[in-house]
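**Q** Order-wise, the sequence lines are chains D and U.
Note that this note's numbering has the first sequence beginning at 1, numbered continuously upward.
Note that this note's numbering has the second sequence beginning at 1, numbered continuously upward.
Think of the hints as simulated: they come from the structure by calculation, not from any bench.
Be careful, since some hints might not be right.
Said to hold, decoys possible - Using 27 angstroms as the maximum straight-line C-alpha spacing, the simulated DSS-like pairs for lysine-lysine come out as follows:
hint, chain 1, residue 1, chain 2, residue 2
1, U, Lys241, D, Lys430
2, D, Lys173, D, Lys148
3, U, Lys241, D, Lys132
4, D, Lys333, D, Lys387
5, D, Lys132, U, Lys315
6, D, Lys430, D, Lys256
7, D, Lys158, U, Lys138
8, D, Lys55, U, Lys124
9, U, Lys138, D, Lys430
10, U, Lys10, D, Lys158
11, D, Lys136, U, Lys40
12, D, Lys173, U, Lys89
13, U, Lys89, D, Lys158
14, U, Lys241, U, Lys177
15, U, Lys220, U, Lys89
16, D, Lys148, U, Lys89
17, D, Lys7, U, Lys315
18, D, Lys173, D, Lys136
19, D, Lys317, D, Lys296
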Amino acid sequence: MFVARMKTISLNPVSRIEGHLAVHTETEPVTVNGLTSHRVTSARCEGEMFRGLEKILEGRDPLDAQVIMQRVCGVCPIAHGMGSVKAQEMAYGIVPTPNGRLLQNLIAGANFLHSHILHFYQLAALDFVDVKALLKYQGANPTLIRLKSWVEEGLARKDAFPAAPFLPRYEVKYLEDQDANMALLAHYVEALEIRKTADEMGAIFGAKLPHATALIPGGCTQTPTIDHIIAYSSRLKRVAAFIREVYWPDVLRVGKAFGPYFDIGQGCGNYLAFGVFETDASGGKWIRPGVLMQGKWEPLDQSAIAEDASSSKFAQKGALHPSLGETDAQPGKTGAYSWIKSPRYRGQVMEVGPLARWMVNYHDPAQAWVKQEVDGVLGALNLPLTKLASVMGRHVIRALEARSLAAGMEDWIAQVEIDGAPNQPFDIPKSASGYGLTEAPRGALGHWLAIENHRIQRYQCIVPTTWNCSPRDGSNQPGPVEQSLVGLMVEDPTQPIEVGRVVRSFDPCIACAVH
Amino acid sequence: MNLSRRTLLKTAALITAQLALAPACVTVLAEGLDRLVHRKERVLWLQGMSCTGCSISLLNAEGPIPLEIVTEIISLVYHPNLSALQGDKTGALIDQVTASGDFYFVLEGAVPVGMPEACRVADKPLTELLPPILRKAKAVIAAGTCASYGGIPAAVGNPTGSVGLRTFMDQQNIPVKGRFLACPGCPCHPLSLVGALAYLIGKGYPAVDAELLTPDMFFKESVHDTCPRFHFWEKRVFAAKFGDEGCLFKLGCLGPLSRTNCPKRQWNGGANWCIRAGAPCVACTSPEFARRREFPFYRVGERYHEVRYTEGERKGASL
């Protein structure tokens with residue numbers, strides 16, 4: 001009788017994400033044509049850092065919230081700032097002025113663009129691009145010449161750590177096309193400057209990035225003068241051009257070279273979006289909220305959200321709606337393996353992120369423009385819609401979103417009223433509650449706030465990576481990333497690059513996930 | 001290996017002679033050898049109870065830019081967000097760097113001494129991973145307010161008992177004098193971090209505040225003292241609501257408590273900064289940043305509830 005020998009293959013720590021994540025997979029050996037690989041049969045995502053910002057907010061002045069909650073994450077602080085100000089706006093009964101709404105969107109949009117560019121180049125690219133191909137470079141690009149001599153010198157000196165941080169790396173098969181490698185490496189360097197420019201855009205109306213002090217309920221503190229508008233527009237043009245002419249083609253290049261990754265990392269097939277970028281004062285959004293449950297579109301019902309903590313290091317009975325949520329840390333809890341909780345929608349596992357947003361909106365009859373954009377891309381790549389549910393699909397949709405968003409932002413900056421009121425004044429009621437549903441670059445984000453005696457009585461948030469890297473819930477359903485790893489073939493158990501490629505396609509942020 | 005200038009020139013001269021090269025080649029060879037033998041100082045960067053904001057801020061560095069920092073100034077042997085290295089060889093690399101004793105260490109984020117399980121790195125609690133690194137490093141930099149003083153993770157009511165790195169080192173009896181620098185800010189300003197690192201590597205330990213161990217060159221003057229709106233303060237012209245001109249003190253500005261040079265170098269390449277944008281300073285470089293529930297950032301709440309601080313506390317001892 002044949003007994004498969006299970007082998008644990010771990011990726012711990014996962015670098016080039018945000019935060020502290022360990023991924024463990026159970027695998028069984030599979031021999032094909034005499035070569036043994038390891039097929040993942042189950043996976044565990046372990047979030048390894050907890051701060052307790054929800055607890056820290058209790059008893060504080062409500063206006064402390066958007067300052068502190070931006071510090072959930074230094075990569076997507078504006079998303080948290082927006083979740084917080086939206087929850088406060090609901091609690092205070094105000095809407096931003098038209099300028100306030102536009103400026104909030106422009107700060108948030110800039111943060112999206114920096115994040116997506118950072119993700120593809122600085123976080124994900126080294127899983128695909130061959131840095132050592134620099135040694136064969138014969139061209140005239142000054143950046144590449146400089147990088148090449150830097151790598152060569154380190155090797156010649158017999159440095160213990162040559163070309164750090166690009167080496168050491170797993171010695172596996174990377175991109176083989178020399179031209180593509182060189183283009184991607186040159187663009188990695190260019191991307192560093194472009195994402196910095198996107199942060200400048202955010203600072204023009206947000207004061208500074210990371211952590212924008214100008215973002216307040218009702219809008220922002222920065223009155224938009226013509227100087228600001230010109231400064232923002234000129235940078236946006238540069239960033240938008242990079243996305244269209246460099247980032248987008250690079251993603252397609254990698255997608256073409258790593259075609260099998262359109263069939264890897266499918267995930268749970270349920271998608272959740274809260275929508276983002278308010279287009280008017282009555283709740284219209286550029287990307288709309290909704291749910292796609294096994295291909296069927298439904299409108300969003302936020303009361304269907306509940307956070308389970310069965311495998312999470314918290315004392316909690318059952319699954320709780322975040323308006324009743326608790327943060328009672330229990331680090332030694334038996335059976336818990338992660339600091340991340342398990343949010344579920346009507347008890348179902350849901351993926352969030354650019355792919356989720358665009359899949360939901362693709363099926364939303366009111367969002368024909370999204371279907372048009374996506375169908376255009378699928379036509380050009382000769383792919384069916386189903387292939388987007390994959391590692392490569394997530395990278396493609398993230399780049400598509402960056403491209404579309406940059407174009408949208410060029411419209412929004414033109415609508416800003418020069419010298420117009422940037423914020424709506426407000427009073428803080430004695431007793432109130434509110435929630436802010438928005439999207440971070442990584443997916444659907446919600447902040448829930450309750451005020452008593454003019455102070456924060458309860459504050460809870462559920463963050464994109466909470467959904468995506470969630471552990472098994474009370475019904476033993478693994479989370480989206482855990483599910484997406486099942487069936488993955490790992491060639492070399494000592495160098496599980498495939499695991500990294502799958503996990504990074506979700507663009508995880510663990511400081512966010514746990515908060 | 002670091003060769004002295006004298007040795008470089010001698011070696012270059014020898015090679016020139018042996019290969020019968022023109023005498024001018026000595027200088028060229030010496031420069032080349034210098035480049036070849038001069039290894040950049042190693043920097044090991046880890047994250048504790050952090051949000052990664054200080055690392056993103058580092059990527060916003062203006063002059064030098066990140067590419068220059070990584071290829072010309074330091075050897076960034078490990079950084080959690082940038083390194084190609086992943087998985088179980090990470091621990092071994094950290095051990096190898098630590099054992100060499102030939103590196104600078106940067107920590108971003110606070111240390112959860114009250115709940116070690118709140119932060120694990122490469123299969124160990126951070127509290128266990130840190131001490132050997134801290135003892136062996138040539139110098140230690142706390143990047144950002146969380147690492148410098150505990151920051152938001154150390155706020156009243158926090159569940160993890162987090163502290164800043166200096167406090168952790170004191171608790172562990174690891175020497176700080178002449179080898180520890182705090183570079184606060186939420187996030188740390190890239191110029192402060194890169195400047196402090198470059199100074200340490202190029203010149204040595206800088207002049208610091210005796211109590212806080214922050215480099216004077218970036219953290220001596222208060223925001224209030226160098227604020228462009230100082231004239232409004234003097235004339236007692238105060239902004240009443242967000243977006244108004246005037247001094248922001250009555251809205252909550254904590255410029256008097258924030259010792260850093262934001263008004264001079266501003267943020268994001270000069271794109272803007274808090275007070276210029278009409279946003280009151282939240283004193284993000286202060287040891288007390290975000291610490292107390294009863295000391296909110298803004299004074300809007302004074303309308304509604306019992307105020308448990310004095311105006312004097314918001315002005316700081318100097319005013």
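**Q** Output the numbers, in ascending order, of every earlier hint that fails for this structure.
**A** 3, 4, 5, 6, 9, 14, 15, 17, 19
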